[in-house]
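Top line first, the protein sequences correspond to chains A and B. Numbering-wise, the UniProt record's numbering puts 115 at position 115 of the first sequence, and it's gapless, one number per residue. Numbering-wise, the UniProt record's numbering puts 214 at position 214 of the second sequence, and it's gapless, one number per residue.
Treat the hints with care, as some may be off.
[As the list claims (entries may be wrong)] Listed below are the simulated DSSO-like cross-link pairs for lysine-lysine, each with C-alpha atoms no more than 30 Å apart in a straight line:
hint : chain 1 : residue 1 : chain 2 : residue 2
1    : A       : Lys295    : B       : Lys71
2    : B       : Lys71     : A       : Lys156
3    : A       : Lys252    : B       : Lys71
4    : B       : Lys71     : A       : Lys99
5    : B       : Lys13     : A       : Lys252
6    : A       : Lys252    : B       : Lys114
The hints are simulated quantities; they were obtained by calculation from the structure and are not laboratory data. Keep in mind it's a predicted model, so treat the numbers as computed, not measured.
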Amino acid sequence: MLKRSIQIFIKRKSRFFTYIIATVSLLFAIFFAVSSGSAELSYLNIATILIDKWLPFEADIDGTYTHIIHEIRLPRIFLAMFVGASLALAGAAFQGLLKNPLADPYTLGVSSGSALGAVLVIYFGFSLPFLGSLTLPFVAIIGGFLSLIFVISFAKMVQRQLTIETMILTGIVFSSFLGSLLSLFIALSGDELRQIIHWLLGSVAMRGWEHVFLLIPFFIIGYVILQTNARELNAFAFGEGTAHDLGINVEKRRILILFAASLMTGAAVSVSGTIGFVGLVVPHFVRLLIGADHKHLLPISAIVGGTFLILADLFARTIIAPTGLPLGVVTALVGAPAFGVILLRRKMS
Amino acid sequence: MLKVERLTGGYEKDPVVDRIQFHVNTGEVFGILGPNGSGKTTLLNLLTGRLPKQDGEITLNGQSIAMFSRKQLAQKIAVVHQQPETSFSFTVEQVVRMGRYPHEHGIFGTDLKKGEQIVQWAMEVTQVRGFRNQFMHQLSGGEKQRVFLARALAQEPQLLVFDEPTNHLDIGYQVHFLNEMRRIANEQQVATLTVLHDLNMASLFCDRVMLLNEGKVSAVGNPFDVLKQGSLNDVYKTTFERKEHPRVAKPLITFTPNQNEEVEASLRFVDYKHQQQSTVLSSKSHMKTLNLALEGDAFSWYNDWKVSYVKNDRDVNSEGDQGELVLLVNGERTSYIFQTLANDTVCLYAEKRMLQNETSYIFFIFIHQDMSETALLRIYFDILESVKRMIKKEGHSLKESPKLTMASAQKSGRLWHGDHEKLVFEVENALYTGWREVKCEGDVHEHLHT
Chain A
1 MLKRSIQIFI KRKSRFFTYI IATVSLLFAI FFAVSSGSAE LSYLNIATIL
51 IDKWLPFEAD IDGTYTHIIH EIRLPRIFLA MFVGASLALA GAAFQGLLKN
101 PLADPYTLGV SSGSALGAVL VIYFGFSLPF LGSLTLPFVA IIGGFLSLIF
151 VISFAKMVQR QLTIETMILT GIVFSSFLGS LLSLFIALSG DELRQIIHWL
201 LGSVAMRGWE HVFLLIPFFI IGYVILQTNA RELNAFAFGE GTAHDLGINV
251 EKRRILILFA ASLMTGAAVS VSGTIGFVGL VVPHFVRLLI GADHKHLLPI
301 SAIVGGTFLI LADLFARTII APTGLPLGVV TALVGAPAFG VILLRRKMS
Chain B
1 MLKVERLTGG YEKDPVVDRI QFHVNTGEVF GILGPNGSGK TTLLNLLTGR
51 LPKQDGEITL NGQSIAMFSR KQLAQKIAVV HQQPETSFSF TVEQVVRMGR
101 YPHEHGIFGT DLKKGEQIVQ WAMEVTQVRG FRNQFMHQLS GGEKQRVFLA
151 RALAQEPQLL VFDEPTNHLD IGYQVHFLNE MRRIANEQQV ATLTVLHDLN
201 MASLFCDRVM LLNEGKVSAV GNPFDVLKQG SLNDVYKTTF ERKEHPRVAK
251 PLITFTPNQN EEVEASLRFV DYKHQQQSTV LSSKSHMKTL NLALEGDAFS
301 WYNDWKVSYV KNDRDVNSEG DQGELVLLVN GERTSYIFQT LANDTVCLYA
351 EKRMLQNETS YIFFIFIHQD MSETALLRIY FDILESVKRM IKKEGHSLKE
401 SPKLTMASAQ KSGRLWHGDH EKLVFEVENA LYTGWREVKC EGDVHEHLHT
């Protein structure tokens with residue numbers, strides 16, 4: 001009862017504060033992550049460096065620190081933030097659209113497609129002209145899209161009126177098919193094995209600003225599409241029949257939402273590998289705080305997802321430094337028990 | 001308001017609904033009935049544009065709905081489904097606000113009308129405003145359904161469509177919800193169309209109903225004309241019985257379940273318990289009793305009867321579910337038992353009780369279960385005549401008309417099959433013999449006299 005009233009209080013009276021709290025936590029996470037690592041930096045140092053870089057003031061600072069912050073930590077943190085935000089948004093959208101709280105960005109097989117694309121690049125070690133080190137994310141995004149197109153057209157072939165059930169089934173079957181292809185490449189690989197495995201486990205380490213800039217346009221396009229479809233997502237949460245009868249162009253909206261969510265998933269997977277549980281757990285957690293209205297669920301999920309992945313990455317790189325843990329392992333280690341707790345609480349209330 | 005003409009449509013090649021024709025007026029509740037697979041759902045899908053029609057015309061106020069866009073149609077037709085479940089926690093107000101979707105425009109969803117007011121009004125009308133900040137999963141089934149009704153009203157529709165709206169509700173919520181539906185249709189002057197499974201709900205809550213059978217209209221009109229035993233039997237392939245509602249001019253539809261055990265109805269199963277002011281009779285099986293008390297139905301089922309020795313039937317106060325059997329005639333207090341008439345086919349128990357110059361008679365007649373209530377009433381009046389004749393013959397004066405209460409066990413078994421003249425004759429006979437037999441000795445008689 002108390003919990004309910006707190007929930008209603010947060011939801012009604014101070015949704016504004018939820019945004020504030022979420023944003024402040026994100027900023028703190030960024031700051032905290034920038035300052036921690038093998039080279040300890042004081043908050044004052046960081047502040048000076050950032051001021052020096054972004055504001056028109058001159059400061060007396062050590063060049064190594066500037067390099068560490070600008071070229072190593074910041075891109076890594078921003079990459080983690082955008083990947084986390086993308087996955088959380090895609091998860092929220094898939095869950096709403098598929099009316100299924102267990103859906104995640106990987107349900108429809110987009111990630112397997114991306115992963116297969118990436119593994120192909122690593123396995124054959126090729127690079128496309130003009131793309132250089134971005135060959136892998138590029139091919140991965142293409143792979144994700146091809147698999148989405150395949151899943152949708154196959155589901156349409158099975159049933160002309162595209163239904164959620166057929167789509168989920170097709171997605172699952174296709175995912176496991178691609179998964180077996182992945183396993184095949186792993187089995188065939190020699191020297192690349194470690195690299196492939198490491199990539200599959202998910203990581204934001206050893207990336208640069210170019211990866212961040214690659215992800216940002218996909219994130220923005222995806223987010224804008226999803227946010228403008230927030231009301232439609234609300235209706236989809238009550239089933240496609242309800243959505244239709246409320247005047248929603250179900251076919252068009254569904255494709256649009258699928259497109260946006262898959263775009264973000266594919267882009268995220270292409271730069272960071274498959275990082276699980278963010279897309280599943282974060283929207284659930286946010287719903288507990290502010291309810292299911294997608295108008296607020298989407299932005300808050302994005303912020304919380306970003307924060308979560310920054311902290312998870314911080315944990316991954318500092319806990320057994322100098323060796324880093326794979327990020328996907330950390331999110332799964334934290335995410336799975338968290339999801340269990342959420343399930344238990346739902347059952348109890 | 002809504003006019004459907006020669007509507008044909010369905011999935012792929014073979015149409016599920018075939019040349020359907022009906023109309024719904026403003027403020028009217030129109031019910032659609034039919035067995036599974038008769039095309040009810042397909043019809044709704046055609047109305048809401050979820051399925052394309054193959055032929056015919058659907059018009060709202062003279063405009064064909066094919067002319068409208070998705071959103072325009074949702075401004076005119078709103079649907080309340082059988083409880084759509086969602087695993088996500090929305091508040092009542094959020095759900096109702098979704099109903100404004102067809103009136104919102106642009107990517108920011110600007111409501112051109114005073115949407116907020118309409119949302120509040122819709123919650124007011126359906127009486128869900130009190131819990132507008134609660135989550136849907138905290139509500140009861142009936143409350144949830146009222147929220148979905150509020151959402152439909154927020155669409156400001158001209159036609160409200162209900163798809164088996166009471167499917168998951170218990171009977172109390174069903175009645176409450178359907179009353180609500182009628183009230184809103186009436187107050188807001190919205191044409192209302194509802195698919196219902198329950199024939200009686202349709203009969204009681206719809207102004208007009210349509211009975212669908214294999215995609216065709218079997219009958220359409222007033223429930224009284226549509227819910228006919230014969231056509232219902234044909235459509236549902238079940239044997240129904242039609243009765244009248246005790247208060248309103250609506251038919252009630254019921255049926256007889258298969259009976260496994262054959263109950264032998266006879267007086268051997270009737271127990272007697274004598275008290276000072278009354279005799280209580282009870283039997284293992286219920287018997288349909290003609291009840292002449294001022295309260296309750298004329299015919300109802302009882303398995304115990306109380307014979308009170310009172311001056312007149314105003315003093316008889318019925319307690320519990322005991323049927324009151326009182327017959328007041330002048331005379332002495334006497335009891336009669338008649339049994340085993342005409343090789344056990346008719347059993348009759350008549351009791352004559354006297355108290356303060358008043359006599360009561362109770363009769364049990366065991367008859368075949370197919371006998372109608374009307375036939376039973378005719379027997380009753382004939383027996384009444386016989387009793388009067390006998391009383392006169394015995395030289396008593398008849399101050400007031402004797403009242404008889406009759407119980408008939410309508411169960412299969414060794415029961416009477418003959419025509420009713422024969423029965424009356426035998427009853428008369430029995431009365432005579434019985435009357436004589438009073439002075440004779442018999443085990444039951446003795447027991448009764450003590």
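Each hint, compared with the structure:
Simply put, Lys295/A and Lys71/B have alpha-carbon atoms about 20 Å apart, close enough for the 30 Å limit, and the pair holds. Proximity of Lys71/B to Lys156/A is assessed by CA-CA distance (about 25 Å); at most 30 Å being required, the pair is judged to hold. Between Lys252/A and Lys71/B, the direct Cα distance comes to roughly 13 Å. Compliance with the 30 Å bound is thereby established for this hinted pair. Distance check on the hinted pair: Lys71/B and Lys99/A sit about 22 Å apart at the alpha-carbon level, within 30 Å; holds.
Annotation: proposed proximity of Lys13/B to Lys252/A holds, straight-line Cα distance about 25 Å (limit 30 Å). About 28 Å separates the Cα atoms of Lys252/A and Lys114/B, which keeps this hinted pair within 30 Å; it holds.
Going through the hint list in order, the structure satisfies each hint without exception.
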